[in-house]
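Engineer: Put together the whole structure using the sequences plus the hints.
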Amino acid sequence: MIKSTQLPPISPQVCSANGWRAVTESVIGASHVQSGLPNQDKIAVAKGKAGLIVAMSDGHGGSRYVRSDRGAGFAVTTAVGELKPFIDGTASHVISRSELESRIPQALTRRWQEAVRSDLSKSGLTDEERTKSGVAEGDELSCYGATLIAVVVTTTFLLYLQLGDGDIVEVDKSGNVFKPFLKDVSLLGNETMSLCSPEPSKNFRILSRVLDSDNRDEHPSVILVATDGYANCFKDEASLLQAGKDFHDLFLRSDGVPVIRKHLHDWLRESSDKYSGDDISVALICGPRAQTEKSIQGGGKTNGKAQSKSGTSSRRK
Amino acid sequence: MAAKKKAEETVQFKRPGGEMSTRPLHFIFIADCSGSMLLNAKMESLNTAVREVIPHMQRVADENPHAQILVRVLKFSDGAQWHVSQPTPIENFSWQDLDAEPTGTDMGKALMMVADQLKMPPMSDRALPPVLVLITDGQATDDVNAGLKALFGQPWGKKAVKIAIAIGEDASLSELQKFMNNPELKPLQANNPEQLLQRIKFASTVVLKSASSPASQTLSANGDARVNVPIPPPPDDADDEVDQAQMW
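In order, the protein sequence lines correspond to chains B and G. Quick note on numbering: the first sequence equals residues 7 to 323 in our numbering. Quick note on numbering: the second sequence equals residues 209 to 456 in our numbering.
The set of hints was computed from the structure by calculation and includes no laboratory data. Here a beta-carbon is modelled for each residue, glycine too, at the ideal position from N, C-alpha and C. Where hints are given, some of them may not hold.
Stated by the list, open to error - So the derived list for chain B, only partly shown, Cβ under 7 Å to chain G, looks like this:
1) G67
2) S200
3) K241
4) Q248
What the hints assert, rightly or not - Computed footprint of chain B on chain G, listed as stretches where at least three residues anywhere in the stretch have a Cβ under 8 Å from a Cβ of chain B:
5) 224-232
6) 326-340
7) 363-373
Structural biologist: Here is the structure:
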């Protein structure tokens, strides 16, 4: 059996655009190493002249979801494709709530399903996959079940989008931490919304904010995005929020990015091995302010609970 | 020198975030201690079976270090009472014999008390699905529907993994089926001490293992994940060696 500690470390990836920088890393879960499954998480980062997109997906990984790693891959490429106009500067940033609520979730769902069907047409389920998943004829999409989180950041626009579990944590310039989406109380334990659920477009949660390009103090300083394997390592929500603040403080150091790049893999590796046992993916998006500060001046606090800032937020139900 | 530098660096750059911990998995035995359990040494058989199963549960826990298995025991006869009230890590858990009393079977009261413990708080939303194992040889003498209503009124009560073991032929399978709340799973029938041991072992090891390392489950169209944890089929009755002389 291969132990997770024997797997070669992969340096965190870094992508920068228009003052924003994203550091991403993903580690396979100890439980997946034990069962011989690949890492079910996928991350995609795209940059354009206006900013960055970070998309992250967590394939469900259970025996029923025999192709969920592929489903996660389709989820992040679909999200990047659909959201790219925002960072290319070809989409209007003054976007109506109804546009956010309806068009984007529906388009993402449709494109993901098209990608899955295309994959199935090229490579149908094997007898072994069919037996393992127990999937009914016509329900093959469920074998690709995965979540989706996407973040778009430009100098004038911010978009958060989430379907299923995982976390987005925003840290402001003072180190105050909050979660843009309230915890979904209908989900407990291992339950999640999914791209393979019936009518997934109704379960997307979306929040957008117009940012003032001349006042970057009001921009998020750091945004932490993670699959649920990360939050499941922490004793409680406040401990997760503390991670947002701690990463923010690290980014404020002049050597913050190199330090994070150097240690992030080991931090995630240790967290999975000792605690959640799950795949963990993390994206740290830092704004221009966090990268130019030279020292930590203290201040800032975690509020221990989720809250919403003003903006356009929606979850169709 | 290099070691000193590394040590300094480790201190300086501690892992971001607050306290970490494995996810708790609450395992609750709900045992019938009514008068009928005095007959044919059923109570003794239950005590023997659970005592024998504990090391197997500890082995399951050892194999999955990412879950913290916490055990409690609730007994019911006239009323219900916690026999082990504190969630006890399985590695520290030892079985203390239960005694039956020549009284009633207040299963409804027992379920209400379990429901009370499944509220959030004290339960956490990051917990793994709790496992409830109900063992009885009879039918409720109190309002079992009120207990079921209380249990299913709690999110964790609804989404707990619920296994029922019917001892002998007088157990009310319909009540146990309602408790399990899943048409795909049937109460496990135990008609002699060996079968009781096998049923308790199944619930305490195979089911426990599934619950302690569950993959994500998507919700159905009505927003419900009825089978929160996929449960492997129980061993076939035909595999059991039945001692007719010990049949209940």
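Engineer: It remains to establish, for every hint, whether it holds in the given structure.
Structural biologist: Hints, one by one, checked against the model:
no.: 1; hint: G67; in the structure: 5 Å, holds
no.: 2; hint: S200; in the structure: 4 Å, holds
no.: 3; hint: K241; in the structure: 4 Å, holds
no.: 4; hint: Q248; in the structure: 4 Å, holds
no.: 5; hint: 224-232; in the structure: holds (count 8)
no.: 6; hint: 326-340; in the structure: holds (count 6)
no.: 7; hint: 363-373; in the structure: holds (count 3)
The structure meets every hint from the earlier list without exception.
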